[in-house]
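Novice: Using the sequences and the hints given, assemble the complete structure.
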Amino acid sequence: MFYRENGQYKTTYAADQQMLPILQDRVFMAGLLVVAFVAVPFFASDYLFLSLLIPFLILTLAAIGLNLLVGYCGQISIGHAAFMAVGAYAAYNIALRIPQLNFLVVLVLAGLIAAAVGMLFGVPSLRIKGLYLAVATLAAQFFTDWLFARVKWFTDYASSGSVSTAPIVMFGWTIDTPVKKYCFLLAVLIVFTLIAKNLVRGHIGRAWMAMRDMDVAAEVIGIRPVYAKLSAFAVSSFYVGVAGALWGFMHLGSWEPLAFNLTLSLNLLFMIIIGGMGSLLGSYFGAAFIVMLPILLNQLPTLLGVPISTAMISHLELMIFGALIVFFLIVEPHGLARLWAVGKEKLRLWPFPH
Amino acid sequence: MPVDIGTLDTFPKLLAHHSQVRGTLAAIREKDLGVWQTWSWGRFADEVRALACGLAAHGLDHGAHLAIVGDNRPRLYAAMCAAQCLGAVPVPLYQDAIATEIAFPIQDAEIGFAMAEDQEQVDKLLEILPQCPSLKRIYFDDPRGLRNYPQEALTSYEKLQDAGRAFDAANPGFFDGIVARGVGSDAAAMFFTSGTTGNPKGVVLTHTALIDRAHAAAQMEGLSDSDVVLAYLPPAWIGQNIFSYAQPFVTGYCICCPESAETVMADMREIGPTYYFAPPRVLEALLTTVSIRMEDAGTFKRKMYLYFMEVAKRVGARILDGQSVDAGDRLLYRLGDILVYGPLRNVLGMSRVRVAYTAGEAIGPDLFVFYRSIGINLKQLYGSTETSVFVCIQPNGQVKSDTVGPAVPGVELKFTPQRELLIRSPGLFREYYKNPQATADAKDAEGWFHTGDAGYFDPDGHLKIIDRVKDVGALTDGTLFAPKYIENKLKFFPYIKEAVAFGDARDRACVFINFDMEAVGNWAERNNLPYAGYVDLASRDEVYQLVGDCIAKVNLDLSQDPELANSQIHRFLILHKELDADDGELTRTRKVRRGYIGERYQSLVEALYAGRQSVHVEAQVRYEDGRTGSISADLKIRDAKTFPVAAAKRAA
Amino acid sequence: MKKNLPTFILGIVLLTGLVAPLATGASAPGFYIEVLLGGLMAGVLYSLVALGFALIFKASGVFNFAQGAMVLFAALAVARLAERMPLWVAMLLATAIMIVLAWLVERLVLRPLVNQEGVALLMATLGVSYFLDGFGQTVWGSDIYKIELGIAKEPVMILDQLFQGGILVNKEDFVATIAAAALVASLMLFFQKTATGRALRAVADDHQAAQSIGIPLNRIWVIVWSVAGIVALVAGVIWGSKLGVQFSLSQVALKALPVVILGGFTSVAGAIVGGLIIGVGEKMAEVFLGPVMVKAFDLAGGGIENWFAYVLALLFLLVRPEGLFGEKHIDRV
Amino acid sequence: MSGGATVERVTGEVIIAVEGVSLAFGGVKALSDVSFDVREHEVRAIIGPNGAGKSSMLNVINGVYHPQRGTIRLKMDGTLREFHDMDPHEVALSGIARTFQNLALFKGMSVLDNIMTGRNLRMHSNILLQALRLGPAAKEEIEHREAVERIIDFLEIQAWRKTPVGRLPYGLQKRVDLGRALALEPSVLLLDEPMAGMNVEEKQDMCRFILDVNDHFGTTIVLIEHDMSVVMDISDRVVVLDYGRKIGDGTPDEVRGNQAVIDAYLGVSH
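Residue numbers (our numbering), protein chains in the order written: chain A, 1 to 354; chain B, 1 to 652; chain C, 1 to 333; chain D, 1 to 270.
In case anyone wonders, no lab produced these hints; they're calculated from the structure.
Every residue, glycine too, gets a C-beta built ideally from N, C-alpha and C.
Among the clues, some could well be false.
Stated by the list, open to error - Simulated crosslink set (EDC-like; lysine to aspartate or glutamate; CA at most 20 Å straight-line):
#1 K129/A / D298/C
#2 K162/D / D25/A
#3 K497/B / D582/B
#4 K139/D / E332/A
#5 K162/D / D156/A
#6 K152/A / D298/C
#7 K203/D / E120/B
#8 K346/A / D639/B
#9 K344/A / D46/A
#10 K10/A / E146/D
#11 K242/C / E172/C
#12 K129/A / D87/D
#13 K162/D / E262/B
#14 K10/A / E262/B
#15 K129/A / E149/D
#16 K10/A / E149/D
#17 K497/B / D583/B
#18 K10/A / D87/D
#19 K152/A / E286/C
#20 K295/C / D156/A
#21 K491/B / D639/B
#22 K301/B / E345/A
#23 K107/D / E332/A
#24 K162/D / D32/B
#25 K346/A / D296/B
#26 K107/D / E286/C
#27 K10/A / D32/B
#28 K197/A / E140/D
#29 K10/A / D153/D
#30 K346/A / D583/B
#31 K136/B / E152/B
#32 K162/D / D16/A
Stated by the list, open to error - The calculated label-pair distances, taken between Cβ atoms and stated as ranges, are:
#33 V216/A / R69/D: 53 to 59 Å
#34 E117/C / G42/B: 54 to 60 Å
#35 L128/D / I308/A: 49 to 55 Å
#36 E146/D / E332/A: 53 to 59 Å
Specialist: Here you go:
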């Protein structure tokens, strides 16, 4: 309805291949960025930042990471929180042992370490497919759970096994208030989203998708499975590792063993199923959904005046998540992102239905 | 604004001018390899120069002809101009014609050179090569599939240009000299028009004629080098060529060639032309797809669409004409523009259209008003190959659905006593090629071109074309009777499929009607009217009522026009069978053969004029399953509602 | 033979690990056998759950992640029902509930997703798993419950004349193991000898062929999910009586996954052997390897059994992706 | 197909030599002791009844299956070299591309991206450059896009370049499959039943494309096809397989006259 595409013709491949080829989309995106960077910091409350926006930004980053592997490369993982844990503990230890290091460097190093570990656990993917891989990634989950709980070095010999981080100072800028954290995370997320977008529309992204859609054909036309799969594991784990470090430093601040357990892994998976596999936008939707649902469930009964116990709420949450997963897999396997795309297509064709 | 012509009296000189003044602006775009590849005016000039020199090197002389066979392609347009540079005459031929059809022009004009688009066209030319001894060289644009063709006559576009560049280097000053020597009175192009009988005639148009007309129209519409045109019709038709060659040369605007026939709609949406031309059949087909696609929409969207189209019908055209409309309607239209008209224009690729023309045949008022009501400035124009198109154009704000507007500056119009339209204009053709007899028949000594069209000026001085002059007759009171005009008016109603009007040399007009089975069938279902078939419906009073209403509307319309008010339809009957080309009642192109029908159904005609209320017929009919049978029926004859002329005049 | 070398090496390493505690004298023989028996008992339970898992995979190609949730759900049902009625009635009732559940899963989840890729089905069972966890705790409660089988829990000393110190065996464990082993045996018989069992195998080999000879696929699915539900019930009751019925049961039952990887996905024998290997392996690792590692790496306690099964399966995937008894997969293009 | 000129194909040296290849799955023999060769620029057909081992033969040539016995020699750098257990992507690197009997397109991707994937083995910019889409990576994308657009143009599928392949009708999907293989700029193209399931018009188009590829790029074509009239029309030499054995080899006319072939195949099923 709002699209006026006449005259938006492309005379070069660069213009044709740009990220948002339609002017109206670019305008919309610019508006969204202004809102996110200017309006939100002015108007949002600390509660909103801490319970909604900050977790949303970090989990989106993690969901993008998982989506690169599962949604784009078709390699299932149900143990991705393990790589978050690797990222978090790596960042903790680096920051602890080399305190003068810039936080950005710490993040990148943590991501690289997570990427290395991810590649290690991705090696079985070269020999096995789909379902088998699920178990391999579970191994990563349970092994890291154990590793960080039991090997004292990782937790700096803290007696409780829990760790806490020092405040983050970067270029003389202390990121301590929720607003600052929000702005920093938003910037990080945008950069990482752009990078992910570039990767998936580059030849490596096509190699991933080819492996996902038809692996034998992909190999026959010259794609090396080793490179495609391991690079997907590496990039994915890098993203998730960075997200883990941010989760630890910016959201939790201090955390106990098992903060990155199977439940978190499964939640990541649910984000991309509900949001949309093989869609970066879907990662945003999925993360928003998973972050908001419990809050809504907590608020709703109070709003309606029906008292429900907290235990009950957490059970309800499980049931709703479970039912939604099945619902989405049956009704819209491509998730909310597909609904968005369909809506957009409808607007472009308005008033025609197709 | 179009350029000041001044001394730029040929197309090659105009090209040189553009390449100097707007050398970096886009001259021609083609969607190729996925993006819009662009030739600037400078590049265009370079291509033409190399081609012209190449053709010169191969022996194309002043006055010789270059056949151009293919779709809208930048290189083919460059070839047109290259020929003109040498004083040779490009002859664009229809790309979808079969081999034997293109043989005639090549033989007729003793064409020695041809530029073909691709293998398909080359194959056709090679096929007729034995019959066309004059044809020496065939150039081709797209080499696909031609790599191993052994024929010596074949040369690729690139090779031709290479030869040209070598020639240019060896003969510096040749090109500039020969372009400078060209004069406006040289032939610029020859278009073959398909006559209804006999061989096609080659219409020779001079540079002056084409440039003058293109310039006059461009000035009238204020075209400039920021306009954009999509070239999607056959370039061998002057209706495309004038917009994709002559006018860009006088204004410097950019033309765009679609990627392939399948992608025209998509390419149009991308380009969003600002200046658009479409014959009524194209507009009709577009409207049909709009309607069909809307049928599939959900209830809400469909209701919304219908509601706002009603609003548009009421006020849209008036708003476009700048007339006063009350505030409520204006607001409603504004809302409709957001919800329906704007998106619709976008999907049709017409968001940016400033000026759109339709011509070539009569356009139904509903169709015409549809486009205008959604804010597209669609106008009618009148012209033909012989007149370099632009004879009459409806000026902005003075658009009517049944006239073609006043004469474009520079054109003189008059009528013979038989109401045949005569035209004198700088845009007239020089001659029919090698056909002095036909030339003399068409163009008299004083330079008036006899169009063969009958018409008159309406009170506002707009030209109204009603029929071919040979079909126009007169009622016994001496007033004009134009059967085709009346029939067309009837056929614009969806319920009426065919109509046959009688009245020549009679005291009043009467018609036979064939209704449209599908439309009336649907109507009957909607109104819970059970029926067994065409014959059954044809005898129903309800159907007579429906048709009678249509005729009444036509009569009301006719009564507004002092010239035609006496031709109001007084009586009508619905034929018991559908007119059929197999029975000789229609031509193969589905035109009614009025004379034959009049003879065959003489008893019916007589009954109409005898004032009887019914007439008995027995006739052979063929059923859908192939069986034949005879029906005998009493056809009803009804009087139609007519309107007094005087009252109409008061209203007007 | 060359290709089997890594498998061979892995086998040698495992065997060495198995005999090392005895050979190095790190453990007394009696204690060693006690641990071995404990491992075997746990292993039988793993085998049981893995069998249910393999059954579903064989018949419907579904990698049933909800197996753990089913165990928890069944155990909760029995525990809470048994508070109001005799245990055997509770178990019968819970069996009925599990069959209804199987039917619902087939109707609401599998049927709409028929012909989907394996990964989508796996994710669907993740959804089922979440739903069951939530639903089970909503209906049955979320505290720790007990199941009393009415068998003495105090350990009994046996073979004390053979070894110094004898071997301590828990009588309840012993009975439970026998029961589980009996169920495993009867499942095998069911599979090999009955018409339904053969039909199940036909479905596994070729869905279309099975349908064309008149086996209603949907009913087969209900049957295998019911069987898996009953298996989950038995496992849940046994574990529940041992560990208490609580949320962590579902994670214990998840170990069926590495078991089937080890045994080969569609192999019944593989599920049994794999279960025993994992049961024994992780118990041995925990008891004998654990202390060594704690000392060597300065760990805060053992807990190797949490990951041992998975890492073992992972190693197996690397050297022998088809598992011990699985068939090699050939890609058709 | 082309009206203007019929072109005599000039075939060159042996480019693929299959010698004594045997392949079995478990106990089932798919190929036994098959030998034949393919010459440069020729159109070589492999025919035979269903289950004759035709697809297995292609799979052996391009490394999806590794034969238990026998050798495959490929021409590289001007000489025939023997290769053992080449992986499919190595075969692709050596200039052999293929299409698939059952469409094996990447369903989640557009026509353009599917064909772009065929360029992957020619794209080398590293992951960091791609991540930032810096100079060389962007330039590479554009260069290869242009190559792919030429293929799209060649196969006349411009109207669908951004359509997800899953939405295309079957005949067009087959064209995209061919396009993806062409994107490799192969010296040998293996076509596994390129015209299966097509109507007459689509078959004609596909024939034209195959011959144009052979003519325009000088690509050697090895194709499996069931439609005998097509095989006889466009191929230079034909190999006939039956139950995994070669029972005939020669020009279409020779094969047509071969009694064993007539018995096994032509006479019975067609």
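Novice: All hints are to be evaluated individually against the structure, with a verdict given for each.
Specialist: Status of each hint after checking the structure:
Between K129/A and D298/C the alpha-carbon distance is near 37 Å, which puts this suggested pair outside the 20 Å criterion. For the suggested pair K162/D and D25/A, the alpha carbons sit about 18 Å apart, so the restraint of at most 20 Å is met. Of the supplied pair hints, the one linking K497/B and D582/B holds, its CA atoms being roughly 17 Å apart against a limit of 20 Å. For the suggested pair K139/D and E332/A, the alpha carbons sit about 37 Å apart, so the restraint of at most 20 Å is broken.
Simply put, K162/D and D156/A have alpha-carbon atoms about 54 Å apart, too far for the 20 Å limit, and the pair is violated. About 7 Å separates the Cα atoms of K152/A and D298/C, which keeps this hinted pair within 20 Å; it holds. Of the supplied pair hints, the one linking K203/D and E120/B holds, its CA atoms being roughly 19 Å apart against a limit of 20 Å. Between K346/A and D639/B the CA atoms are separated by roughly 51 Å; this puts the pair beyond 20 Å, and the hint is violated.
Proposed proximity of K344/A and D46/A is contradicted: the alpha carbons are some 33 Å apart, above 20 Å. This hinted pair checks out: K10/A and E146/D have alpha carbons roughly 14 Å apart, not beyond 20 Å. Restraint check for K242/C and E172/C: the C-alpha separation of about 9 Å stays at or below 20 Å, so the hint holds. Among the hinted pairs, K129/A with D87/D is consistent with the structure: their alpha-carbon atoms are about 18 Å apart, no more than 20 Å.
Taking the CA atoms of K162/D and E262/B, the gap is near 14 Å; set against the 20 Å cutoff, the hint holds. Of the supplied pair hints, the one linking K10/A and E262/B holds, its CA atoms being roughly 19 Å apart against a limit of 20 Å. The straight-line distance between the Cα atoms of K129/A and E149/D is roughly 34 Å, outside the 20 Å bound, and the hint therefore fails. Of the supplied pair hints, the one linking K10/A and E149/D holds, its CA atoms being roughly 14 Å apart against a limit of 20 Å.
Restraint check for K497/B and D583/B: the C-alpha separation of about 17 Å stays at or below 20 Å, so the hint holds. For the given pair, K10/A sits about 40 Å from D87/D by alpha-carbon distance, which is inconsistent with the 20 Å threshold. Pair hint K152/A plus E286/C holds up; C-alpha atoms about 19 Å apart against a cutoff of 20 Å. For the proposed pair K295/C and D156/A, the alpha carbon gap of about 17 Å is at most 20 Å, so the pair holds.
Only pairs whose Cα atoms come within 20 Å are accepted, and K491/B paired with D639/B is accepted, the gap being roughly 19 Å. Distance restraint check for K301/B and E345/A: the Cα-Cα separation of roughly 15 Å lies within the 20 Å cut-off, and the hinted pair is therefore satisfied. The straight-line distance between the Cα atoms of K107/D and E332/A is roughly 16 Å, inside the 20 Å bound, and the hint therefore holds. Between K162/D and D32/B the CA atoms are separated by roughly 15 Å; this keeps the pair inside 20 Å, and the hint holds.
Taking the CA atoms of K346/A and D296/B, the gap is about 13 Å. The hint holds against a cut of 20 Å. Taking the CA atoms of K107/D and E286/C, the gap is near 47 Å; set against the 20 Å cutoff, the hint is violated. Proposed proximity of K10/A and D32/B is supported: the alpha carbons are some 11 Å apart, at most 20 Å. Straight-line distance between C-alpha atoms of K197/A and E140/D comes to about 17 Å, which keeps the hinted pair within the 20 Å bound.
In summary, the hint linking K10/A to D153/D is supported, as the alpha carbons are separated by about 17 Å, within the 20 Å threshold. This hinted pair does not check out: K346/A and D583/B have alpha carbons roughly 49 Å apart, beyond 20 Å. Between K136/B and E152/B, the direct Cα distance comes to roughly 9 Å. Compliance with the 20 Å bound is thereby established for this hinted pair. For the proposed pair K162/D and D16/A, the alpha carbon gap of about 11 Å is at most 20 Å, so the pair holds.
Distance hint check: the CB atoms of V216/A and R69/D are about 23 Å apart, inconsistent with the given range 53 to 59 Å. A hinted range of 54 to 60 Å holds for the C-beta pair E117/C and G42/B, which are about 56 Å apart. Between L128/D and I308/A the Cβ separation comes to about 51 Å, which falls inside the hinted range of 49 to 55 Å. The beta-carbon spacing between E146/D and E332/A, approximately 37 Å, falls outside the hinted interval of 53 to 59 Å.
Violated hints, listed in ascending order, are 1, 4, 5, 8, 9, 15, 18, 26, 30, 33, 36; each of the other numbered hints is respected by the structure.
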